[in-house]
Amino acid sequence: MNPRTRRILELVLDNLVWFMLLFVLIIFSLFVPNYFQLGIFANIIEASSVLGVMSIGLALVIITGHMDLSVESVAALSAMTVGILFCSAGIGLGIVLSPEWLMVPVSLLAAIAVGGLVGTINGVLVVKLNMSAFIITLASYIWVRGLVLAVSGGRSAQDLAPAIRWFGIQRFLGLPLTAWIAITCFVVFSFILAKTPFGRHLVMIGGNQTATFRAGIRVNRNLILAFVMAGAIAGLAGWLLAIRTSGATANLGVGLLFNAFAAVVIGGVSLKGGVGSLPGVYAGVLLLSSINTAINLMGLPPTFTQVIHGLLVLAAVLLDTLKQAIRQKLA
Amino acid sequence: MKRILLSAFGVLAMAMATLMPASAETKGTVYYLVPTLLDEFQTGSVSALEMFLGQVGYEMKTLNADNKTDAQQSQMNDVIALKPSAVILAAVDFNALKPSIEAARAAGIPVVEFDRQITSTPSDFTSVAGTIEIGHVAAEQAQKLLTEKNGSVKGKILQVLGDPGDPYTLDIQKGFEEKMKEFPEVTIISHPAMMWEASNAGTIVADNIVSNPDIDLIFNHAAHLSVAAVAALEAAGKKPGDVMMMSSNGAPVGLDLIRKGWLNVEVEQPLYAQAAAVAMFMDKVVNKQEIKAGDYDVLGLPSVVTIEEWGPNIKIPGAAIDKSNVDNPAFWGNMKPPSDTVKSVE
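Which chain is which? The protein sequence lines are F and H, in order. 1 is the number of the first residue of the first sequence in the working numbering; add one for each residue after it. 1 is the number of the first residue of the second sequence in the working numbering; add one for each residue after it.
Some hints could be false.
Calculated Cβ distances over 10 Å to all of chain H for the following chain F residues [as the list claims (entries may be wrong)]: (1) Glu10; (2) Val12; (3) Asp14; (4) Met20; (5) Ile26; (6) Ile40; (7) Leu108; (8) Leu109; (9) Leu129; (10) Gly168; (11) Gly216; (12) Gly247; (13) Val254; (14) Leu297; (15) Leu312.
Quick partial rundown of chain F residues pointing at chain H, CB under 10 Å, derived from the structure [to be verified]: (16) Pro99; (17) Glu100; (18) Gly154; (19) Thr178; (20) Pro279; (21) Asn292.
Where chain F lies over chain H, by a calculated footprint (3+ residues, C-beta under 8 Å) [stated by the list, open to error]: (22) 51 to 60; (23) 96 to 108; (24) 197 to 208.
Simulated from the structure, these hints should not be mistaken for lab results. Just so you know, even glycine gets a beta-carbon here, dropped at the ideal spot from N, CA and C.
With the hints as constraints, model all of the structure from the sequences given.
The structure is reproduced here in C-alpha cells:
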C-alpha cells in the first residue's frame, strides 16, 4: 500500500461516522420528499441539542470505562426544577427576578447544581465504596425519576419565563440559540478531552486504570469528577429540554438514555473505555436525528424508528470491529 | 454498633408509622390500579376517585403500574390475595388484563373498569367516556374548524398520536379517522410521539411544519403534547391562530392554551363525572346488587347506563371546550373539584 492510499484510508477510518452521516444525508435528500431544504437541516441540528449535550456527559464517563444510566432522569429532574421555579402556569411558582435576564443564569445554575449533586452521589458511591457504576446509576435512574414524580405530583409546569424561553426562539445564522449552546459544548469538551491533562487522564483511566494509578495520576479524584461532570451536563441538557418544551412534564425526556447510548456507540466510543472522541459522538447524534427526521417526513410506521436505531447501532459496532481489524493490518 | 443499629431501627419504625394512616371506620377498602402517574389525567383520577369514594364511605388505595402490563398483572394478583371490597382497574392493556379480571371475580372480588373499557370479559361495572367517542367528538370539531377556514371540510391535518403501543391513542385515532373518512379532500398525516414524551411531539411538529407548510390543523392526542407543539410553532415564528390546533383529554395545560389563543378546541374526558359514577354505584357493586339500565344524573351530566355483554356500562359524554366555555368549573382541567357530594344509588 502506498503512503497516499494509506493516508486516505486512515482519514476515512478516523472519521467513519461523519462519512456515514454524509452518505445518509445525501440518500435522504435524493429520495425523501421535502428533505433537502435549509429548514429541515436546521431542525436536525436543533432537535439534536438536548440529546447531544446529554451524550457528552455520558461519553465522558464511558471513556473512563464506567457508565452512567442516570443522565436521562437527571435531565428530567433539572427540567422540572427549572419548570417549578420559573414557569407561570401549572405547578410553576412563576418566580420573577429583576432584572429579568437574571433568571437565565439562576435557572441554569439551579439545573446544573441539581445534576452535579446527583453526579456527586453517583461518583462517591462508585469510587469511594467501590460499587458497580451500572448498579449505582441504575438506582439513580429510578430514584431520580421517582423524585420528579414526587415533586411534581404527576402534574406539569408550563409557560416558562420569556427571558429563558428566548434561547429557544431567538435564532443566529438560522439556528436557535439552544443549538448553538450544544455546539459550543461539543467544541469546549472536545478541547478538554483532547488537549488538557484532565481529558487525557480520563482516556488513560479507561485504557488501563491500574497503569494510570501507577503513573501517579489521581484516578479516584478524576473518576469522581467525571461523574460530577456527567451529572452537571445532564442538568444542562434538562435546562435545554425545559426551554425546548416551554416547561416540564413528569415523563419529560423518557427514552433519551437509549438514544444517548446509541449516539455514543455510533460515534465510536468504546464501551470498554479508553477510546473515543466527542466530535464523533456529535456526528452520531446528528445521524440519529437525521434518521428521525426522515421517518417523520416519510410517514413510516412508528415502530420503524426503533428498528432502524437498533440496526444502526449494530452496524456501527460491526463497522468499529472492522475498523480495528483494518488498523491492525495497517500497523 | 448496637446503639447505631437500635437507632436505625427506631428511625425506620417511626418512618413506617408515619406512612401507615390511622384506620377509620369505613365500608371497606377499594384498590385503584392506575396505569401511570406520569399523566395529569391519571393523577387527577386518583384524587377524584379518592374524594368521591370517601364521600360514600370507602377507603381507597392506589397502585401505579408505570404503564407496564406485567406490573399491573402482578398487582392484580397481589390485590386478590388482600381480598378488598372491590378493584377499580384502568388497564394498561385492554386485553392482557382479561385473565386477571376473571381471577379476581372468581375469588369474589368485584372489578370496576375505569376510563378504559374492556369488552372481552364481563366486569361488574364500567365507567368510561369512550376513547373511540373522543375521536368522534374530535372529528366533529375538526370538520367545524376546517369549514370555518376553508369554506368546506377540506385541508391537511397533522395528527400527533401518543405512544403507538398504547391502545388508548389507537382508539382515539380509530374514532377520529372513521369519521373523517367521509371527507376525501382531507389529508391526515399521523405520527406517534413515542412514550407520550412531549419533546418528541415538538420534533414532529417542527419537521412537519417545514415539510408541509400548508398544514391547516394539528390534532394532538393529549394536552401536554400541545405544549411542546406550541413551543415548536413559536420557535418557527408562528403566532397564536396561524395554525389551528386541538387536543384531547382536557388537562389544565390545554385549557391554558385555549385562553392564550394557541389551541382552538380541547376534547374533554369528563374525569370528575367518571369518578363520581364509580362512587355512586360502588355500594351496588360491592353488595352484588343489580344495576338497572337507564338515565342517571352524574354531577349534572346526563349519563346512560346500558347492560352490555361485558356488564353494566355507564357512558358519560365528553365535551368540546373552546374559548366560549373554557372557564366552566365543571371541566376537570380548571382544577375545581365539585362542591356537591355524591350519594349512592338506591
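Taking the hints in turn, this is what the structure says about them:
1. Glu10: holds, 36 Å
2. Val12: Consistent with the label, Val12(F) stays out of reach of chain H, its closest Cβ about 31 Å off (over 10 Å).
3. Asp14: holds, 31 Å
4. Met20: The assertion about Met20(F) holds, with a minimum of 21 Å to chain H.
5. Ile26: holds, 18 Å
6. Ile40: violated, 6 Å
7. Leu108: Holds: least Cβ distance 18 Å, greater than 10 Å.
8. Leu109: The claim stands: Leu109(F) keeps its Cβ more than 10 Å from every Cβ of chain H (closest is about 23 Å).
9. Leu129: Its Cβ never comes within 10 Å of chain H, the nearest being 18 Å, so this holds.
10. Gly168: Since the minimum Cβ distance to chain H is about 6 Å, Gly168(F) lies within 10 Å and the statement is violated.
11. Gly216: holds, 38 Å
12. Gly247: violated, 6 Å
13. Val254: At about 5 Å from chain H, Val254(F) fails to clear the 10 Å cut-off, so the statement is violated.
14. Leu297: violated, 5 Å
15. Leu312: Non-interface label on Leu312(F) holds, nearest chain H Cβ at 16 Å vs cutoff 10 Å.
16. Pro99: violated, 23 Å
17. Glu100: violated, 18 Å
18. Gly154: This interface hint holds because 3 Å falls under the 10 Å limit.
19. Thr178: holds, 9 Å
20. Pro279: violated, 23 Å
21. Asn292: holds, 7 Å
22. 51 to 60: Per the Cβ count (0), the hint is violated.
23. 96 to 108: violated (count 0)
24. 197 to 208: The restraint on the segment 197 to 208 of chain H holds, since 10 of its residues have a Cβ under 8 Å from chain F and three suffice.
Violated hints, listed in ascending order, are 6, 10, 12, 13, 14, 16, 17, 20, 22 and 23; each of the other numbered hints is respected by the structure.
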